[in-house]
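There are 2 protein chains.
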Amino acid sequence: MSQRKRLYIQEVATRDGFQNEKQFVDTDAKIALIDALSECGYAKIEVTSFTSPKAIPALRDAEAVMHGIARKPGIVYTVLVPNVRGAERALSSGVDEVNLVMSVSESHNRANLRMSREQSFAQLRDVINVVKATPVAINVSLSTAMGCPMEGDIAKEEVLGWMHRFADLGVHGITLCDTTGMAFPSQVGDLCRSARDSFSALELTLHFHNTRSMALANTLAALDAGIDRFDSSLGGLGGCPYAPGATGNVCTEELVHMLELDGYDTSIDLDRVLVASAQLPGLIGHDVPSQLLKAGRRLDLHPMPPAETVPEQHAFAKEGS
Amino acid sequence: MSQRKRLYIQEVATRDGFQNEKQFVDTDAKIALIDALSECGYAKIEVTSFTSPKAIPALRDAEAVMHGIARKPGIVYTVLVPNVRGAERALSSGVDEVNLVMSVSESHNRANLRMSREQSFAQLRDVINVVKATPVAINVSLSTAMGCPMEGDIAKEEVLGWMHRFADLGVHGITLCDTTGMAFPSQVGDLCRSARDSFSALELTLHFHNTRSMALANTLAALDAGIDRFDSSLGGLGGCPYAPGATGNVCTEELVHMLELDGYDTSIDLDRVLVASAQLPGLIGHDVPSQLLKAGRRLDLHPMPPAETVPEQHAFAKEGS
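So the protein sequences, as listed, match chains A and B.
Residue 315 in numbering that gives the first Met the number 0 sits at position 316 of the first sequence, with consecutive numbering throughout.
Residue 310 in numbering that gives the first Met the number 0 sits at position 311 of the second sequence, with consecutive numbering throughout.
Excised from the complex, chain A in its bound form:
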């Protein structure tokens, strides 16, 4: 019956969001949150990261979380994996997918991962060879694909070149990440069209940050170019070390709110997402960037103020706005 285009929403808050939080989120609370998210209609949930507990203490409970959650059929439970050791831990935990990461920018790769891109590629190739012997899917997230905070513009050919190298290794999906919110709509449209044309067999995901308030505008541009799969983060959790105080990943509830209004089928239960998002401040000890959580959905209506209680100042106070 429905003519609405199906989109796939992938939640990253418990990995990309929590890894940046100073306050450790209790393992049971992580499990309860992920179980709640599993009832929200996501296509994929990035559960945690199998990195060294010393490197990311916030996610030191990766095994316990993966084993504790109630897996819902149909949802892909993915985890970040930096190397073969992490891949082995992830495979032992029965993940559906591993997500590998490197930067398209040499400077950002060195700053973030402390090795050259070629060293990262060699390390990830080893991981791919291990995982390819199993039924577990492999996704590669390419950071700084729309700009590097140290180098600036990244040539589209550079991004497509790294996509080719990973596609040749047989990965299932690639995520183009706007790591520090440098993407703008016409750039996104151009990159997405080229990526779609060149890699029609790959599962292609766009990963936006709202650092400069363009995440939803960039999403429109990606949709226009045929993209149907988006990462997003509950509450807009996830920061950017190069922009202190700036907002983080595109906010799941704001993304879904817009997409559903625009007639897309995200399969997401926005009520449940908002309930889950409202719990975040209690878990991490601070407010989240989500504006939708503050303002409510567009049709969450307000009562008419009784005439006698309208303060004098309020008359005309919003004129013209």
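Check each hint, because a few of them may be wrong.
Said to hold, decoys possible - Below, in silico cross-link-like pairs of lysine to aspartate or glutamate (DMTMM-like), each with a Cα-Cα straight-line distance of 25 Å or less:
{"no.": "1", "chain 1": "B", "residue 1": "Lys293", "chain 2": "A", "residue 2": "Asp286"}
{"no.": "2", "chain 1": "B", "residue 1": "Lys293", "chain 2": "B", "residue 2": "Asp34"}
{"no.": "3", "chain 1": "B", "residue 1": "Lys4", "chain 2": "B", "residue 2": "Asp227"}
{"no.": "4", "chain 1": "B", "residue 1": "Lys293", "chain 2": "B", "residue 2": "Asp268"}
{"no.": "5", "chain 1": "A", "residue 1": "Lys21", "chain 2": "B", "residue 2": "Glu20"}
{"no.": "6", "chain 1": "A", "residue 1": "Lys4", "chain 2": "B", "residue 2": "Asp189"}
{"no.": "7", "chain 1": "B", "residue 1": "Lys293", "chain 2": "A", "residue 2": "Asp299"}
{"no.": "8", "chain 1": "B", "residue 1": "Lys53", "chain 2": "B", "residue 2": "Glu20"}
{"no.": "9", "chain 1": "B", "residue 1": "Lys71", "chain 2": "B", "residue 2": "Glu157"}
{"no.": "10", "chain 1": "A", "residue 1": "Lys155", "chain 2": "B", "residue 2": "Glu202"}
{"no.": "11", "chain 1": "B", "residue 1": "Lys21", "chain 2": "A", "residue 2": "Asp286"}
{"no.": "12", "chain 1": "A", "residue 1": "Lys293", "chain 2": "B", "residue 2": "Asp286"}
{"no.": "13", "chain 1": "A", "residue 1": "Lys155", "chain 2": "B", "residue 2": "Asp261"}
{"no.": "14", "chain 1": "B", "residue 1": "Lys155", "chain 2": "A", "residue 2": "Asp25"}
In case anyone wonders, no lab produced these hints; they're calculated from the structure.
With the hints as your guide, set chain B onto chain A.
Leaving out everything else, chain B in the frame of chain A:
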């Protein structure tokens, strides 16, 4: 030489923004800010509001501000005017344009202006008759044109109907206002196409709020429908009484940043706008919503951290994002 499409940016911070501020901004500071804005390349600046000083004490210095500013040729200096008394004050101050306001929604008009829409229309018709005898231009801002926080959806025909009534009175321009940030992209595109088709002789402005983070996405939709004129507010100043804590008007520097990256010619000097925006917290006593002010422009680059200072936790900390 340039093939870039010209867009017209209209600054509303000193009216739509300041009127909501508790802290009175000193008259000299207002004048200095507007003089700085006059050097930024705006098509229009909404200077102040000729309402009753009791109704909006924040703008009680309307005459002094209008007389104090250095008017730059080519910029339209407009002011909000609620009635004939306000129009007379505005005309005495030598404004280029008066901006009249009413809501498309009956409930919002009653809550905001404490009269019915028909009463507002009659009052504004009187203003138009006074101003039409002068060379001063007349713009009408239609509030809640994309949704009412009390009534919900507003039929497009309702908006077009009010536009017709004002067009018949001979106004020069009409602004469609998303007063509480309820607009979404496909709705904006549809309304703008209809408005453009029906009123090709009118100067048509779109006025977005970022309450639910869709202001820049809605701007893309309006551009797509041929709109070339946008209100915006320095720093994102301007609130929404129905969404406490939510962001306000679309932020000038974020709007211009995106539009220029997308290849449009706004004629705005973004450097100067950012300098002006950075002064706002000192004037109003609190932070502004602008993310761009925190994050900087996309090509404001950062130095590469020295290898030995990259903390252990930072390695992998931003992976996948």
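What hints, given by number in increasing order, does this structure fail?
5, 7, 9, 10 and 14
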